[in-house]
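Take the position in the sequence shown, starting the count at 1, then add 34; the result is the number in our numbering.
Simulated from the structure, these hints should not be mistaken for laboratory data. Just so we're clear, the structure is a prediction, and the values are computed from it rather than from any experiment. We treat Cβ as the ideally placed atom computed from N, Cα and C, and that holds for glycine.
List of simulated lysine-lysine pairs, DSSO-like, C-alpha gap at most 27 angstroms:
1) Lys53 x Lys38
2) Lys38 x Lys51
3) Lys51 x Lys75
4) Lys73 x Lys38
Now the in silico label distances, taken between C-beta atoms and shown as ranges:
5) Ala104 x Val50: 31 to 41 angstroms
6) Ala104 x Asp83: 31 to 41 angstroms
7) Ala103 x Gly60: 35 to 45 angstroms
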Amino acid sequence: MGIKVNLAVMLARRNVKSKDLAEYIGITEANLSLLKGGKVKGIRFDTLDAICRFLECQPGDILEHEADAADV
Numbered sequence: 035m036g037i038k039v040n041l042a043v044m045l046a047r048r049n050v051k052s053k054d055l056a057e058y059i060g061i062t063e064a065n066l067s068l069l070k071g072g073k074v075k076g077i078r079f080d081t082l083d084a085i086c087r088f089l090e091c092q093p094g095d096i097l098e099h100e101a102d103a104a105d106v
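With these hints in hand, go ahead and build the complete structure from the sequences.
Spelled out as structure tokens, the structure:
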């Protein structure tokens with residue numbers, strides 16, 4: 035499966051609106067939506083840092099590695 039993005043879960047846990055996070059980190063809501071859906075190929079470390087600062091969490095709370103069935 036690869037990398038799973040749990041950003042929507044963290045937003046819900048922190049009761050934060052996507053709009054507020056997007057404004058804080060300086061990206062569009064559309065790009066944040068793509069990130070939440072795991073439809074991006076990468077994320078800049080400074081963007082990840084800003085997300086973690088705003089949500090008061092660690093990168094591992096947002097990104098998770100899932101092994102493929104063939105890898106198990």
